[in-house]
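Participant: For the record, the sequence lines run as chains A and B. Residue numbers are given in my numbering: position 126 of the first sequence equals residue 126, and the series is strictly consecutive. Every position in the second sequence, counted from 1, becomes a number in my numbering once 808 is added.
Hints may be right or wrong, so weigh each one.
Not the full set, but computed from the structure, chain A residues with beta-carbon under 8 Å of chain B [stated by the list, open to error]:
no.: 1; residue: T162
no.: 2; residue: R369
no.: 3; residue: I373
no.: 4; residue: L514
no.: 5; residue: L549
Worth flagging that the hints you see were computed from the coordinates, not collected in a lab. Just so you know, even glycine gets a beta-carbon here, dropped at the ideal spot from N, CA and C.
These are the residues of each chain, in order.
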Amino acid sequence: MKLSYNWLKEYIRALPSPDKLAERLTMAGLEVEGIEAPGKDIKGVVIAQILSVEKHPNADRLSFCKVKTDKGIHSIVCGARNMKAGDKVALALHGTTLPRGIKIEKTKIRGVESEGMMCSESELGLKDASEGIMILPQDLPVGKDFTEAMGLNDIILNINVTPNRPDCLSILGIAREVAAITRCKMHEVRWKRSEVGGKKQPQTSNLKPPSVSIDESSLCRRYSARVVENIKVGPSPNWLKQRLESHGFRSINNVVDVTNYVMIEYGHPLHAFDSDLVDGKQIVVRMAHEHESIQTLDNITRKLTKDMLVICDKEKPIALAGVMGGKESEIQDTTKNIFLESAYFDPSCVRRTSKALGISTDSSYRFERGADIEGVTRALDRAAQMIVELAGGDMAKGMIDKYPRPYKPITIKVRLSRINKILGLNINKKEVEDCLKRLGIDFKPVRVQKGEGAVWNVIPPSFRVDILKEVDIIEEIARLYGYEKIPTILPLARLSTAKKTGVDMIREKVRDILTNNGFLEAINYSFVSPKVFEIAPEINNGLRLINPLTEEQSIMRRSLISSLLETMRYNVNHNNSDIKIFEIGRIFIPKGKETEEREMVSGIISGLRYGEAWSVRRDAVDFYDIKGVVEQILTGLGVANYTFTAKADILFLHPGKGGVFEVNGKPIGMTGEAHPDTLQSLDIKQPAYIFELDLQAIMTVMSSQKGYRPIPKYPMIIRDAAMIVNREIPFQELYDAVKGAGIKLLEKVDIFDVYYGENIPEGKLSIALRFVYRSSERTLTDNEVNNVHVIILDNLKNRFGVEIRGEA
Amino acid sequence: MRDRLLQLEKAALSEISSIKNKEAVIELKNRYLGRKGELASLTKELGKLSHEERPVVGDLINSIRGRIEERVNSLLTAFAQDEREQRLKAERVDVTLPGRYLPLGNSHPITQIMDEVVSIFLGMGFKVAEGPEVETDYYNFEALNIPKDHPARDMQDTFYISDDVLLRTHTSPVQIRVMQGKKPPLRVIAPGKVYRRDSDITHTPMFHQVEGFMVDESITFGDLKGVLTAFLHSLFREDIAIRFRPSFFPFTEPSVEVDIQCVMCNGKGCRVCKGSGWLEILGAGMIHPMVFKAVDYDSERYTGFAFGLGIERIAMLKYGIDDIRMFFENDVRFLRQF
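Please construct the entire structure, taking both the sequences and the accompanying hints into account.
Facilitator: Listed below in structure tokens is the structure:
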């Protein structure tokens, strides 16, 4: 809400300086977000009138003007061309300084003396750029100070009014608040009402007001109206235009401007109809009928629904109650007689209509937060009176005021003990009563038993729609007492163990492992583009947002991989092609009406394994790098007994370079090379390797239990064996066969070389295995080891047809 | 015999004094002192000498052997030392070349700030709780005293999945979920992602929040001030100025906005704090009785405070980042800096 300092000053004469005021308001809950003083750097500029415009004798592009001020006639050379004799302009004479540091001096321009400058808006600092000089309204008095004449000597405070305080969406409301905070006296601006009619003047037919009926008295709890006849619609006077403009309103005509002016001053929205365009002299407040429509003031025809409250004449809706008026009964230049409405509409109803039609107006903004039902007629009278003063005409005697169930103040029981309990204070009865008085809140002490502490019955004023409960009063006390005066203490609490959640610990561990491996953590948006599903139609049924910001962010992701591929593309396009990135986040799986959220970790690698350095080989990463990362994570998390199985049809993965990790037959994740088609569709030109693990699934199978096994007392015996194997046989099968042979003395077997190429037949490869034999009870002999080693090798020979090298 | 011995010694010593390398020393050592060397062959002639002479010459042989050996050994040591020095010199590497290591990665700056915030509250005995990001209208709004058609809903522009299902706009629903399942005393923080329909230099449609709350039989507004002051002092600086000013949130009353002295200009007023010298850092308040009602707590018996803060904002202030969108662009040149 924009607030004119000068206007506020009409209410609070002893108003603190703008900075001080801003500070006080902010610390009382009305945060001042900015202070604008558009005219503060303009000093000495006066209103002048151009008497003549002639061509400069020595320059085609310049003009030579004679202008008049109260001090006399001045000669001015000017480069602009948009002025003519008779125009009023802003004149800066010798000695004036303008906002952007322009100093005005008497000079000779091309041999002709110029006493000053006629200013443009940009030279006055009012706009960033402007063309030509500023031509001012004709009614400004010559010689008057420019800022004063234009209302620029005002200061505008920008106040962030929280949704609970609609009463502060007005000059009057802020004035009441300032009075409460500063203890300054508030002077309500007085005005008198001049009705006509009755005995002195006969009432014309126009002045006879239409009949008003309210069908929905719960949604329109009050409807008041006045009729003003024989007005002359025209432009508003300057002071009114300026006030509206400084509060962000555009001037329209004297009638509409008055309704806006009164809304700013009192906070109550009003609407004026051309009463000659209201059919049948009849106003009905009712719900819209199905298929009814109305053309609103913004020239848009709106289809209405049954839950929208409308103001109707005999036939049809002429306004959306509390939201916007209708085009048909709009005030026009030819309007003679007006019907001025001031009503109270139900906040939820106004909000629903405003949301459904997508119209938010200053009126709907105030009604949906809650207007002052008791302030309805004051605003009406004030507006009618101003219209009479500014547009002429006669105010019909008598006011329509349909108010079926008048406002009944609420009574709230407030306990001193509760105030002190919530706030951690020890204030007394007097201090509380002082706060209440300053806020204009009525109270009556309630008789209590001795030692019980004071209790009041408190009656908030009608404009404080936010005060409904004891705690609302407690907030008011705290606010006025001052948050800064409430003592800052640390709470007493029982000791308790503070632990992270299980999933948090996993995240931390995974993050450690990955960052130690050189991975950077990324965070992507949870919503992705539906384009993702062109490469992954299997996950097409992702959750869709009803109202996404863009189509690119419209579907809740079902895999982190698509996001990481995008991250990779972004970085490769920015010349960073060595990629090691991971992300931990949730995926969203629709399950009927519910959504399952699963926490995943996913990673992507591409480019050089160790980057560019003098000391390492420039090797590109491959499948075994990414698989190794996953193995490291699983080992680090204490997941034993996982298996990895090749699988050809995993989403995003190359059919020959990917597989799934499983524990007890349940999948926990996958890894592999990104499918070339996927990469191509993203225009990525280098291979990438990805993994994704389901942290929730891992949580159920991991073991954080660590156990100790004694360090072996007896030496080990090592046997290495190189063998030629058919390439079709997966290593895992050989390994399982070795382990499955049931040789107790075999402590472990490792693969330490894989070779194919020269000296190895087509379709075969050479594998070197290292067998470690040991007994926990004694030192083994060569013979013992040889006996079992042969069994293992024979088993491999028989089952897989391997050929042990060096065994001719 | 005696003369021959002395001559031999002289010849040996003179040879030694002009010797140039280790191999020559060893050769000389063998030639003179070896089992078949010159001194040994002279020793064999001892038998020819008389009983009287034998021990005298014998002594002489020993002393000559001793002297030659001493010279030879010291030469050998010198050569060995020399050789070691040569070898070490040859082994020299350019130690100014950079070391070899696999570059460390790092977690995201948001993760780092989040961890910092969480650990401060863990230190004060708060427990961590989490909740769903796809929430119902009830948990995100209704139970938090934000009924349908309430203007306070405008404070948070919401992404909807359906009429009743949405992306949580704050982590406050976790407050409700925790209180539904547990009785006070409670000290809980709820970190997580939240979503609002907003995008510009200071807003992204997804960001991170930490919600926290404490409920017990006598928690006051003074406790709220105390805990949040301790937190902000720990997160920023022990002597940073803090101010509490009234605000409005539907789920707390009294509500408070907490500002810290601007970390960029130390309160003098700058672009970041829009000249005010203060930075809005978190929102808080005493939990509203309507919220307690929604979870069946007796608000006459229990009181509590709740607060919420945006992690991105803190990260921006701490690292001097002026565009929030950087966090989600995931440019490695950005990520690597933290």
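Participant: Hint by hint, which ones does the structure fall short of?
Facilitator: 3
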